[in-house]
Amino acid sequence: MSPGSKALAEFVAEATEILDALARDLLVLDERRGSEADPDLVNGIFRAAHSLKGLSGLFGQERISRLAHGTEDLLDRLRLGKLLLDGAVLDSLIEALDAFQALLGEAARGTESETLSARVEAMSARMASMGAPVEVAADDPLDRLELEAQVRSVFTEYEEHRLRENVRRGVSLWRVRAAFDLSDFDKGLAELNTRLKPLGEVISTLPSAQPGGAHGIAFDLIFGAQVDREALETGLKGTPAELSALTVRPAAAAATSALLQAVQPAATIHASAGAKSETRPGDAPTHDGAAGAAQDAVSGGVAAPDVPVRVTGAAPEAPRRGATPARGSRGAASRGTSEDAKASPAAGHSTSPKSGGKKKAVRATAAAMLPEAQQPLLSHVPEDMEPGPLEWPTSDADVPANAGGSPSPAPAPAPSSVPVVAYLQGAAKASPKGLSVAPMAPSGAPVGTPAALTADTSLRSLTQTVRVDIGRLDGLINMVGELLLIKANLQRLAESARQDGAVALSKLFGQELARETRGLERKLEALQEGLLEARMVPVGQVFDKLARLVRRITREAGKEIELAISGGEVELDKLIVEELSDPLMHLIRNAIDHGVESPDARLAAGKPRRAVVGLRAEQKGNHVVIEVSDDGSGIDEVRVREVAITRGLITFAQAQEMSRRELLNLIFQPGFSTARSVSELSGRGVGLDVVKNNLGNLSGIIDVWSERGKGTAFHLTLPVTLAIIRALLVGVSGRTYAVPLNSVLEIVSVQPREIRTVERREVLDLRGQTLPFVRLSRMFALPERPVGRHFVVVVGLAQERLGIAVDELHGQQDIVTKPLGGRLQSVRGISGATDLGNRRTVLVLDVAALLEEGMAVERRRA
Amino acid sequence: MRVKVLIVEDSKASREYIAAMVEAVEGIEVVVTSSGFEALKLLPRHRFELIITDINMPDINGLELINFVKKNPNYREVPLFIITTEGRDQDRERGLALGAAEYLVKPFLPGSLEALLRRYLKLP
Numbered sequence: 001m002s003p004g005s006k007a008l009a010e011f012v013a014e015a016t017e018i019l020d021a022l023a024r025d026l027l028v029l030d031e032r033r034g035s036e037a038d039p040d041l042v043n044g045i046f047r048a049a050h051s052l053k054g055l056s057g058l059f060g061q062e063r064i065s066r067l068a069h070g071t072e073d074l075l076d077r078l079r080l081g082k083l084l085l086d087g088a089v090l091d092s093l094i095e096a097l098d099a100f101q102a103l104l105g106e107a108a109r110g111t112e113s114e115t116l117s118a119r120v121e122a123m124s125a126r127m128a129s130m131g132a133p134v135e136v137a138a139d140d141p142l143d144r145l146e147l148e149a150q151v152r153s154v155f156t157e158y159e160e161h162r163l164r165e166n167v168r169r170g171v172s173l174w175r176v177r178a179a180f181d182l183s184d185f186d187k188g189l190a191e192l193n194t195r196l197k198p199l200g201e202v203i204s205t206l207p208s209a210q211p212g213g214a215h216g217i218a219f220d221l222i223f224g225a226q227v228d229r230e231a232l233e234t235g236l237k238g239t240p241a242e243l244s245a246l247t248v249r250p251a252a253a254a255a256t257s258a259l260l261q262a263v264q265p266a267a268t269i270h271a272s273a274g275a276k277s278e279t280r281p282g283d284a285p286t287h288d289g290a291a292g293a294a295q296d297a298v299s300g301g302v303a304a305p306d307v308p309v310r311v312t313g314a315a316p317e318a319p320r321r322g323a324t325p326a327r328g329s330r331g332a333a334s335r336g337t338s339e340d341a342k343a344s345p346a347a348g349h350s351t352s353p354k355s356g357g358k359k360k361a362v363r364a365t366a367a368a369m370l371p372e373a374q375q376p377l378l379s380h381v382p383e384d385m386e387p388g389p390l391e392w393p394t395s396d397a398d399v400p401a402n403a404g405g406s407p408s409p410a411p412a413p414a415p416s417s418v419p420v421v422a423y424l425q426g427a428a429k430a431s432p433k434g435l436s437v438a439p440m441a442p443s444g445a446p447v448g449t450p451a452a453l454t455a456d457t458s459l460r461s462l463t464q465t466v467r468v469d470i471g472r473l474d475g476l477i478n479m480v481g482e483l484l485l486i487k488a489n490l491q492r493l494a495e496s497a498r499q500d501g502a503v504a505l506s507k508l509f510g511q512e513l514a515r516e517t518r519g520l521e522r523k524l525e526a527l528q529e530g531l532l533e534a535r536m537v538p539v540g541q542v543f544d545k546l547a548r549l550v551r552r553i554t555r556e557a558g559k560e561i562e563l564a565i566s567g568g569e570v571e572l573d574k575l576i577v578e579e580l581s582d583p584l585m586h587l588i589r590n591a592i593d594h595g596v597e598s599p600d601a602r603l604a605a606g607k608p609r610r611a612v613v614g615l616r617a618e619q620k621g622n623h624v625v626i627e628v629s630d631d632g633s634g635i636d637e638v639r640v641r642e643v644a645i646t647r648g649l650i651t652f653a654q655a656q657e658m659s660r661r662e663l664l665n666l667i668f669q670p671g672f673s674t675a676r677s678v679s680e681l682s683g684r685g686v687g688l689d690v691v692k693n694n695l696g697n698l699s700g701i702i703d704v705w706s707e708r709g710k711g712t713a714f715h716l717t718l719p720v721t722l723a724i725i726r727a728l729l730v731g732v733s734g735r736t737y738a739v740p741l742n743s744v745l746e747i748v749s750v751q752p753r754e755i756r757t758v759e760r761r762e763v764l765d766l767r768g769q770t771l772p773f774v775r776l777s778r779m780f781a782l783p784e785r786p787v788g789r790h791f792v793v794v795v796g797l798a799q800e801r802l803g804i805a806v807d808e809l810h811g812q813q814d815i816v817t818k819p820l821g822g823r824l825q826s827v828r829g830i831s832g833a834t835d836l837g838n839r840r841t842v843l844v845l846d847v848a849a850l851l852e853e854g855m856a857v858e859r860r861r862a
Numbered sequence: 001m002r003v004k005v006l007i008v009e010d011s012k013a014s015r016e017y018i019a020a021m022v023e024a025v026e027g028i029e030v031v032v033t034s035s036g037f038e039a040l041k042l043l044p045r046h047r048f049e050l051i052i053t054d055i056n057m058p059d060i061n062g063l064e065l066i067n068f069v070k071k072n073p074n075y076r077e078v079p080l081f082i083i084t085t086e087g088r089d090q091d092r093e094r095g096l097a098l099g100a101a102e103y104l105v106k107p108f109l110p111g112s113l114e115a116l117l118r119r120y121l122k123l124p
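One line per chain: the protein sequences are A and B, in this order.
Using UniProt numbering, the first residue of the first sequence is number 1, and each one after it goes up by one.
Using UniProt numbering, the first residue of the second sequence is number 1, and each one after it goes up by one.
The hints are simulated quantities; they were obtained by calculation from the structure and are not laboratory data.
By construction, the Cβ of each residue, glycine as well, lies at the ideal position given by its N, Cα and C atoms.
Among the hints, erroneous ones may be present.
Unchecked claim - Straight-line distance between alpha carbons at most 27 Å, and here's what the computed DSSO-like set of lysine-lysine pairs gives:
#	chain 1	residue 1	chain 2	residue 2
1	A	K187	B	K12
2	A	K82	B	K106
3	B	K106	A	K187
To be verified - Reference excerpt, derived from the structure (chain A facing chain B, CB under 7 Å, subset only):
#	residue
4	A9
5	F11
6	E14
7	H50
8	S51
9	G54
10	L58
11	E157
12	L206
Using the sequences and the hints, build the whole thing.
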C-alpha cells in the first residue's frame, strides 16, 4: 500500500465511523419527529459534522469538506437555537447523510462524478439559506444568572447557549462540585454523569483551576435539574458531589444585577448520605443569610431573615423545618419574588403559606416566565407543514420509474390486486457483486435531480476493518505467550535429542514430547477460536443501516411501517455480515414496496393502518437464522404458478404435483423474474434468484413462508463463520472429499436394499421419513464400486434434508476453504478446495448447492 | 534532549495528521491524546513545553483545558495553540482571551505550524 492510499484508507475508515454515528443519531431524531429534540443529540450530530469537516479538510477531500461545512453550519444554528428543527431541516440532514455516503464511496474509489458535485453545491446552497431565524429576545437571560464571569469565559458558544436556554425555561441550575483522585477521575465523573443524566442536563464540566493537591482534581459541573432539590440529593447519594444552587434573578430585576455579582453561590450541601443534617440551612445561616437578604433587598421584598419569602422544591417541608430565607433564596434558580410573580416549572414548587410581608403569592406557572416567541427551542413543525416531495426530493432512482407507469405506491389498490410479480421482482438496486457503491447516474442526467444518485448506495462498508474488543485481543496475546512456552519446551526436547545423538530415545522422552504436543494442540485450538471470535461482529451493524433505509423507502412508498428489530446482538463473521447487507436490503425493499399494503388497503382488510416489517436474527447452533417478515398481503401462490408456467419454468403437469411450499420456492428460480419485466415494473435490476445466489456464496440458504392476507417471511440460514470450518472427510470411488461438518446432521449406514425408488428418484426411509438420496459417485460421474453397504451422510440446512451416499468415512479435520479459480469456479456441488496438511488437496462439497441439486433433479425427472 | 509537545484532538485522523506534522520538526517528541480528561491526567506526568488542543471535544472542552492550564501554577507558562475550523470565531476569541498563544485554522499547512513551533519552543 502506498503512503497515499494508506492515508486514504485511514480517512475512509474514520469518515465511515463518523457517518455511522451520524446515521444512528439522525435515525433517533427522525423517530422522535414531532417531539422536542434532545439537545445532546443535536449537539452530537453537530459534532459529527464538525469532525467530518475537519477530517475531510485535512485530507484534501474538498467536496465532502464543503458539504460538511454547510451541514455543520446548519446544525450549529440549530443547536444554538437560531433555527427551528422542522421536517424540512431534518429531511435535508438525512439527504446530506446520503450524499456524504455517496461522496465517500467516490473518494474510496478515487472517482469524482459531476452529478454528485453539482448536487453537493445545490445542497450546500440550500442548507445555507434554510430556515427562518428564531427571534432572539433583547435581554439576555444569562445576565440574570449569578455566575462568575470567570466561569462563563470558559464556556463554548454552545454551552453558553444551553445555559441560556435553561435559565430562560426557569430550570433550576446547580453547581455540582466533586473532587476525585487524579488517577481515576474519569471513572468518577462518568459515574456522576450517569447519575445526573436522568435528572436533567449537564451543561458543562469544568476542571477546577485550583490545584487539587498532587493527586487530586476537582470538577464543577453546571447542571440544569428537571427535578427538585430532594430528588437531586437523593440521586447523588454516595457520590462525592456537593451541590450549590445558582441563583437567577427575575427578569425585571436584571438591571440591578451588578449589586449581586459579588455574592457567591450559597452554601454547600453534601449529597452523601447522612451529611445533609449538618448543612441544614438553619444551621448555617451566616453566608447564606447574607445572600438571601441581599437578593430579597434587590427584588423589592422585606429582608427579614426569619421570614421565608420564597419556597423551593422542598417547600412543603420548609415551614416545619423552620427554613430560613437562605434556603429559599438558593433553592431553585428561577425564583420569582415580587409583583410579577415568577415561578419555577417543577410541580413540586408551590407557594409558601407564609409569603411574608408585602409579598404576594408566587404562582407556579412555568409558562408565565417565557415570552411566547421564545418558548420551545427545538419545537417541531407539524407534518402537514413539511414541504412536498417536489421541493425536497428525497432522492431515489425509482421516482422516475414510478412516474413512468409502474405500480403507484400511494393510494392503494385492494390487497388482492397487489401484483404478485411486482412483489417478487421488486428488487434491491445495488449491484449484487463486488464492492458496489452507489451506481452513478449517467453523466448526462439532469443536474438538480439528486434522485438518481443515492438510493442505490450499497449498505456495505467501505472499509475492511473490524473493531476488536481489547479484552479479546489480550486473551489472544496471552495464548501466544503460552504457545511460546510450549515452543521453548519443544526446543529443549529437540536439543536434548540432538545431544543424545545415537542413543535410543527413551520412553519418557516420548511421553514428554506427546504431552507437549497435546498442549500445543489445545493452545492452537484456543487461538484459532479466539481469532475467529475476533472476526465476529454483531449483525446489528447491518440492521442499523437497514433501519435508516426503511425509513426512507417507507416515506417514498407512502406507507406506514413499523420496523421491529430483534437479535441485533447475534454475532456473525464480519465477511458474512458485509455480504448480507445487500440481500437483506433487497428483501426489505420487497417487503415495503410490494409486501405491505397501503394504510387504506390495510384498514379495508381489517388490519391496523401501520404495517410491521420484522428483522430478526437468532442463533441456532452453528448457524444464524435471519428472518425478514411483513404482515402484508402475502404471496399469491396461484399467481406464482401461472407465472412459472407462462415462463416455462415448470409444466402444467409438474405444477399439479407441487406442494404450496414448492410453488412458493419457485420465486427463487432464475427465470422467474426476467430482466425485461423487472425494468417494466420497478426499474430495478435483480430478482430473488440473485439473493439466493448471494446467500449460496455464503453457504447459506433461503426459504420463504407466506400466507395470503397474513404476510410473508423469508428465512436466511447462514453459518456463523466461513473462515475455518470443521469438515468430515469422506471417500468416494477412491477420491476424498470434505463435507462441512456444520451441515452434517448424522451419518447412517444402509443396505442397498433399503434404497427405494419413488418416481424414478432414489429415496431412503429414515425413521419413518422419506429422505431424498444422491450417490456422490453418480453426481460426479465417477466409476461406481459395488459395495455391501453405504454410508449415508445426512446433511441439512433449514428445512431441507438430503442423504449423500459415500463409500468411506475418513474422520474430521479443520479446514480452510480456498476458492477454485477459473472454469472450476462454476462446478456445481463444489465450493472450493482445501489442503489437508499432508500435501493432499481435496475438494470441499457445497452442501447448499447439493441440496438444491437434489431438488432440481426431482423436478427435472418428475 | 527533545522537548515534549502534547496534542489533544478527538478526531483520530486529524490527530495523526497533526502529530505527523509536529513530529517532522526535529527536536520534538509528541504525546497525543483524544480527550481533555486524558490531557488532565497526562499533565502531571510529563513536562510539556507546548500544548496543541482542539476546542470541541466530548468531555471537557478545549477552553476549559486552557483555563485549567493557565490557572495552574505548575503549567501556566506552557504555551497553548488552539486548533479550530473556520466559523468558530467566538470560541477562538475566548481561547485567546483565556491565554492561548496562537490559533490554527484547519486545514493548515505544515509550514505555518512548523514556524510557530520553532518560535515558541525556541528551536534553531
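Comparing the hints with the structure gives:
no., hint, result
1, K187/A to K12/B, "22 Å, holds"
2, K82/A to K106/B, "25 Å, holds"
3, K106/B to K187/A, "32 Å, violated"
4, A9, "11 Å, violated"
5, F11, "6 Å, holds"
6, E14, "4 Å, holds"
7, H50, "6 Å, holds"
8, S51, "5 Å, holds"
9, G54, "5 Å, holds"
10, L58, "5 Å, holds"
11, E157, "5 Å, holds"
12, L206, "5 Å, holds"
In this structure, the hints that do not hold are numbers 3, 4, in rising order.
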